[in-house]
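Engineer: As given, the protein sequences belong to chains L and Y, one line each in that order.
Take the first sequence: its position 155, counting from 1, is numbered 154 in numbering that gives the first Met the number 0, and each next residue is one higher.
Take the second sequence: its position 104, counting from 1, is numbered 103 in numbering that gives the first Met the number 0, and each next residue is one higher.
Treat the hints loosely; a few may be bogus.
So the derived list for chain Y, only partly shown, Cβ under 10 Å to chain L, looks like this [claimed, not checked]:
hint: 1; residue: S111
hint: 2; residue: R112
hint: 3; residue: A114
The calculated lysine-lysine pairs, modelled on DSSO-like cross-linking and capped at a C-alpha distance of 30 Å, are [what the hints assert, rightly or not]:
hint: 4; chain 1: Y; residue 1: K55; chain 2: L; residue 2: K344
hint: 5; chain 1: Y; residue 1: K51; chain 2: L; residue 2: K348
hint: 6; chain 1: L; residue 1: K335; chain 2: L; residue 2: K115
hint: 7; chain 1: L; residue 1: K250; chain 2: L; residue 2: K115
hint: 8; chain 1: Y; residue 1: K51; chain 2: L; residue 2: K46
hint: 9; chain 1: L; residue 1: K46; chain 2: Y; residue 2: K56
hint: 10; chain 1: Y; residue 1: K55; chain 2: L; residue 2: K348
hint: 11; chain 1: L; residue 1: K55; chain 2: Y; residue 2: K55
hint: 12; chain 1: L; residue 1: K250; chain 2: Y; residue 2: K51
hint: 13; chain 1: L; residue 1: K55; chain 2: Y; residue 2: K51
hint: 14; chain 1: L; residue 1: K348; chain 2: Y; residue 2: K56
hint: 15; chain 1: L; residue 1: K335; chain 2: Y; residue 2: K104
If you're looking for bench data, these hints aren't it; they were derived computationally from the structure.
This one's a predicted model, so the numbers in the text were calculated from it and none came from an experiment.
All C-beta atoms in this analysis are idealised placements derived from N, C-alpha and C, irrespective of residue type, glycine included.
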Amino acid sequence: MKLSMLTPISVTLAALVGAQAQAADMPSREEMWRIIQRQQHEIETLKRQQQSTEEKVEATGEVLDSLQTAAPASGTVYTELGAKHGPFEHGKAGKTVVGGYGELHYNNLDTDSGNKKEIDFHRAILFLGHQFSDDIRFFSEIEYEHADTSANGAVELEQAYLEFDLNDRHSARAGLFLVPVGFLNETHEPPGFYGVERNPVETNIIPTTWWVGGAALKGELAPGWGYDLAVHEGLDTGAASNYAVRSGRQKTSEADASDLAATGRIKWTGIAGVEVAASVQYQQDVTQGQDAGAGNAWLYEAHTDIRRGRFGLRALYALWDLDGSGPASVGADEQKGFYIEPSFKVTPKLGLFARYNQWDNRAGNGSDSEKKEYQIGLSYWPHPDVVLKADYQTQDNENSSTEEDGFNLGVGYQF
Amino acid sequence: MNRLLLLVALLGLLPAHLVARGTYQTPDEFLTGVFDGQVPGPRVLWLTGERKAAAKKILGHSYPSLRVRYWMRDARSAWILEEIGKDMPITFGVVIENGRLAQIKVLVFRESRGAEIRHPFFTEQFEGAALDRELALDRPIDGISGATLSVRAMKKIAALALYLDTQAQLQHVTPSP
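Produce the entire structure from the sequences given, and follow the hints as far as they go.
Structural biologist: What follows is the structure, given as structure tokens:
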């Protein structure tokens, strides 16, 4: 036999010897059957253990849910969980809420009397509210202005009212509340509006922030149609302030109620991102009967707010019509203003705006009292409830000596 | 003044709805409508680990419960979830179908303002919404002036329900025989 034939034969013989050796190491069929049965038993045991663990976990969850449905300690802010539909069912009596907002401003403005550089914690507000029952609640707003009452500051009660639900669409209020007019008068948390300072039209013409003591109704007439009706203390202005409406706010501080005022508002929000509203107010005597030369007063206000995607547009017009020779003598029989404010959200956290403001508290005569202000600026929200603001303003007033041009910086928060 | 007093009296006589003010639909009614009367038994999703972190990212705060109940049949899931608007929680009912938001409703509204979010002109913006990679809604939602916090609450709940649905779908893997 040739050597060349021996090699394949020897390889084959070696393989056969190896296979036989391996076959001798494998468990027998009986052994394999026992292994399989043992493994099956272990699987069944593990399944039962897993099911038991799941049942324990489920039971633990049920206990947690039942604990969290227990009534809370009196006076605490709580969460309450409903057992059936979980996680919670709120709105029960005994809930007290705390909230607030505030803003710090830096103003750097050139005026006729020099450069005005100022840092001011303009306002810090504390909200306190309490739910007496499902239908009766209390809400209050205390404001600390300009940080120190011994300097330029003040502490004011801006809201304190009880609200009663008449039914599921209408409610009544009694106490101290904000007049339902304009944008900022009711909603003025810093993250919610552009500009470091509140716009001068609403500040001087509405006049924001304007709160009164009285009674009010509010509600919904139809989907997207809201209304407000209020009877409340009126303004008490006079010749000393040229019948300026802002100086007539009594702030419900032993307010003269000789002549009450009535305010009505209708608001439409029937399209997402769109609001259109109009307010009217009437007061029989804007000086509370103290000035024979003054008479009744009407306020007319209308506004719209449109937000579509990244774009926003806000516009407002307000007009006071003051009767009587007194206001007419100084041109205050007509006090009016308007503004328009386009805006753009560069990102969800960064917004740009521009605003043109025009207002005049003595528009009834030819005095140089009309003011115009141009503004551009930005807001940055590192968190939806925190805002950093910067803006530049320039004024073009009929009386140029009253102009204030420069920039403002601000930081604000709400919670 | 007399006319105003008369108006107050008339408003007080307006027919009150049978449910308490702000309860527009009970959870039972909502689920019955979603599943055509054949409401499946509730299931539970535990919010632990990655789910807990994701819920916190969506809401901006921890979800105040270890578990969430939901109802599911095939590719449709229903969720009853709550989120604070300004001061009080709003109860929402959300339906997710094939990974997209099919319906969102305000079931109970407890705040004194912002209830306009319950109307179809606002809620229909959410229909068909899905989540993007950042666990946010894949579309902008136009708000309602004066109801910013209520709008924010609804957007958070919509995103949360979409996320929880993905987790619930993963949870229901049919075991091999």
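Engineer: Give a verdict on every hint.
Structural biologist: Results of checking the hints against the structure:
no. : hint             : in the structure
1   : S111             : holds, 6 Å
2   : R112             : holds, 8 Å
3   : A114             : holds, 7 Å
4   : Y/K55 to L/K344  : holds, 25 Å
5   : Y/K51 to L/K348  : holds, 25 Å
6   : L/K335 to L/K115 : holds, 27 Å
7   : L/K250 to L/K115 : holds, 29 Å
8   : Y/K51 to L/K46   : holds, 27 Å
9   : L/K46 to Y/K56   : violated, 35 Å
10  : Y/K55 to L/K348  : holds, 19 Å
11  : L/K55 to Y/K55   : holds, 26 Å
12  : L/K250 to Y/K51  : violated, 48 Å
13  : L/K55 to Y/K51   : holds, 21 Å
14  : L/K348 to Y/K56  : holds, 16 Å
15  : L/K335 to Y/K104 : violated, 42 Å
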